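S.K.: Protein sequences appear in the order of chains A and B.
Under the numbering used here, think of the first position of the first sequence as 1081, with each following residue one higher.
Under the numbering used here, think of the first position of the second sequence as 30, with each following residue one higher.
Some hints here could point you the wrong way.
[Stated by the list, open to error] Over the 10 Å line for every Cβ pair with chain A, so calculated as not near, a few chain B residues:
#: 1; residue: Lys-42
#: 2; residue: Asn-84
#: 3; residue: Pro-318
[Said to hold, decoys possible] According to the in silico footprint, chain A covers these stretches of chain B (three or more CB under 8 Å from chain A):
#: 4; region: 115 to 121
#: 5; region: 152 to 166
[Said to hold, decoys possible] Calculated lysine-lysine pairs in the DSS-like style (CA-CA distance at most 25 Å, straight line):
#: 6; chain 1: A; residue 1: Lys-1212; chain 2: B; residue 2: Lys-210
#: 7; chain 1: A; residue 1: Lys-1172; chain 2: B; residue 2: Lys-288
#: 8; chain 1: B; residue 1: Lys-288; chain 2: B; residue 2: Lys-210
#: 9; chain 1: B; residue 1: Lys-34; chain 2: A; residue 2: Lys-1172
#: 10; chain 1: B; residue 1: Lys-76; chain 2: A; residue 2: Lys-1172
Calculated from the structure, these hints are not laboratory results.
Everything numeric in this text was worked out from a predicted model, so none of it was measured.
Backbone N, C-alpha and C fix where the C-beta goes; we use that ideal spot for every residue, glycine too.
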Amino acid sequence: MTQTAITVDDVRKSYGDLKAVDGVSFSVDEGEFFGILGPNGAGKTTTLEIIEGLRQPDGGTVRLLGQEPWPRNTALLPRIGVQLQATAFFDKLSAREQLVTFASLYGVSAARADEMMELVGLTDKADTREDKLSGGQRQRLSIACALIHDPDIVFLDEPTAALDPQARRNLWDVLRAIQDRGKTILYTTHYLDEAEILCDRVAIMDRGRILALDPPATLVRGLDAPTRVILERGPLTEADAKALPGADEVVVDDVSLTITTREPADLLSALAERRALAGLQVRTATLEDVFLELTGREYRA
Amino acid sequence: MTAFKSLATAMVKIFYRDKATLFFTFVFPLMFLVVFGLLFRDVGTSKTEIAVVGNGPVITGLQQTGALELTRFRTVEEAVQKVKDGDLPAMVAEEGDKVTYRFAQSDQTQASVVSGIVQGVISYVNQQATGQPERYTLDARNVEDSSLKPIQYITPGIMSWGVAVSAVFGAALTLVSWRRKQVLRRIRLAPVAVPTVLTARVVVTVGIAIAQALVFIGVGLLPLFGLRLTGTWYLAIPVFLLGILAFFAIGMLVGAFCKTEEAATGAANIVVLPMAFLSGTFFPIDQAPPWMRTISEIFPLRHMNDGIMDFLVRGKDAGALVVPCLVLTGFILVVGSIAARVFQWEDA
Chain A
1081 MTQTAITVDD VRKSYGDLKA VDGVSFSVDE GEFFGILGPN GAGKTTTLEI
1131 IEGLRQPDGG TVRLLGQEPW PRNTALLPRI GVQLQATAFF DKLSAREQLV
1181 TFASLYGVSA ARADEMMELV GLTDKADTRE DKLSGGQRQR LSIACALIHD
1231 PDIVFLDEPT AALDPQARRN LWDVLRAIQD RGKTILYTTH YLDEAEILCD
1281 RVAIMDRGRI LALDPPATLV RGLDAPTRVI LERGPLTEAD AKALPGADEV
1331 VVDDVSLTIT TREPADLLSA LAERRALAGL QVRTATLEDV FLELTGREYR
1381 A
Chain B
30 MTAFKSLATA MVKIFYRDKA TLFFTFVFPL MFLVVFGLLF RDVGTSKTEI
80 AVVGNGPVIT GLQQTGALEL TRFRTVEEAV QKVKDGDLPA MVAEEGDKVT
130 YRFAQSDQTQ ASVVSGIVQG VISYVNQQAT GQPERYTLDA RNVEDSSLKP
180 IQYITPGIMS WGVAVSAVFG AALTLVSWRR KQVLRRIRLA PVAVPTVLTA
230 RVVVTVGIAI AQALVFIGVG LLPLFGLRLT GTWYLAIPVF LLGILAFFAI
280 GMLVGAFCKT EEAATGAANI VVLPMAFLSG TFFPIDQAPP WMRTISEIFP
330 LRHMNDGIMD FLVRGKDAGA LVVPCLVLTG FILVVGSIAA RVFQWEDA
């Protein structure tokens, strides 16, 4: 039976009139990759900081591995790892010196620093000062700092924000490697596509509340949204497309022809028979559509 | 490595890798020390220069007084011309038994000093010429007075000031920059005790202060400056250490209130600069007007300065420890407990 790593029950936090976190409850199992999604200002970071024990909630309870994180609980601290902003380093120290210093705060040997450097792919940057690292490298160093003491629960706050696509993908590999080590990961992001790929379960958050909580695929399927089949413009005319079995709606622009359908099997086999699959793309709903459905607003990260 | 050791190591590296900090810790105070040391080196020792012509017992006597510097000229006219031009205050010519003395009347004080010396020498020579024993004898000896040679107060003053500045700035800037960069948050999330972090910073601050003291005193001791330490110099150590802690506490207080490094630098300057000027860092406080001396009593720098000077250069005994140590300890306790109360892990 899997154990519960994180339990959050009706947590609330207000700043003046603003209800930053407004009755949030969820639990995360050990070994789970759990994502909190939402636009900026949704209350993701505040929720995370309350769970980490950096802020006191106005109401509600948090349990990490059965213990309370607030007030500062030094018995719990070695078991959680928190990735902080990419700037949270000592001035003028090299990547390796940062890791060795943080390692010692946990009573961990310096050898572990090299191991972490290896994991996040910074071995060749070990002697580079923190201010000479690129954004992606700093982000990875920050994650290495969070993992230095081999914690059971890892918190990551927008680890991929402001990274270029290549760096983002490298980081995904690192995150998957962490999960393979059996760690529980709680992370926030405003990239819905990324959450869909990485998370076991996601909580969609907006204006301090959790609007939905499920595995990404369940959320998307729950929408019962139509499938869009996109083809190269040309081979098929708009009228032909409309006549195809299962085709509900057809839109043509300069480069493509898009057919909306609720019977993709019929439509695709008909297209295959006609050998009209040039440039084929099949798109189902995404978490973005889920967000749109839940809030009635277009998603803006 | 323990948390304490590695934090201290990190702080030392951060310190010596920052060129600006190194400059303000060592070079900047040293510049003051060198400039003031050289500027005031010859104060009180410059001699009045006069013109002399010819030779004889009077001129020899003048030379032996050691109070005047004599410049020789060949003719009386030449020497008088020098006095007329205002280049020299007086001339003395000796030809046989006749001694001519001419002085410039512009500077009455100098003229009377020189006249006194010349007349004294002539009376002495006259008395010697009579062959009679002296009726009155003069017992003259110099005594050590409490006014110090400039280097003797400049060195402890600059040292206290330099140490105070780096303790305040070290504490305040570390706190502010670590809070702003979330390093404090990382430390908060690690199972490390707060006193460990604080002690590491105090130990590094004290270490830096000792290095400063060695450099400043070392430079002062060079023959060029001529600093002389007295036998009880080691009694200055407790005052020195308490002073560092007092300024460390002030730095923690400044760091607790300031959100940015710029604000902390400004606030630290506002705290330390007036203290430096009013506490006898650059000039002896005894020469200041009474109101300034009274005001300066409230500054920890004044007490640190006095305490260190008493032992380093005045040679007082252990009894003089009481006042500065009590005042500085009081400062540490009051300011330190306020700083602990207003300390914040993060910006609200």
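S.K.: Hint by hint, note whether the structure agrees.
M.R.: Do the hints match the structure? See the list:
no., hint, result
1, Lys-42, "violated (6 Å)"
2, Asn-84, "holds (72 Å)"
3, Pro-318, "holds (44 Å)"
4, 115 to 121, "violated (count 0)"
5, 152 to 166, "violated (count 0)"
6, A:Lys-1212 x B:Lys-210, "holds (16 Å)"
7, A:Lys-1172 x B:Lys-288, "holds (21 Å)"
8, B:Lys-288 x B:Lys-210, "holds (11 Å)"
9, B:Lys-34 x A:Lys-1172, "holds (18 Å)"
10, B:Lys-76 x A:Lys-1172, "violated (55 Å)"
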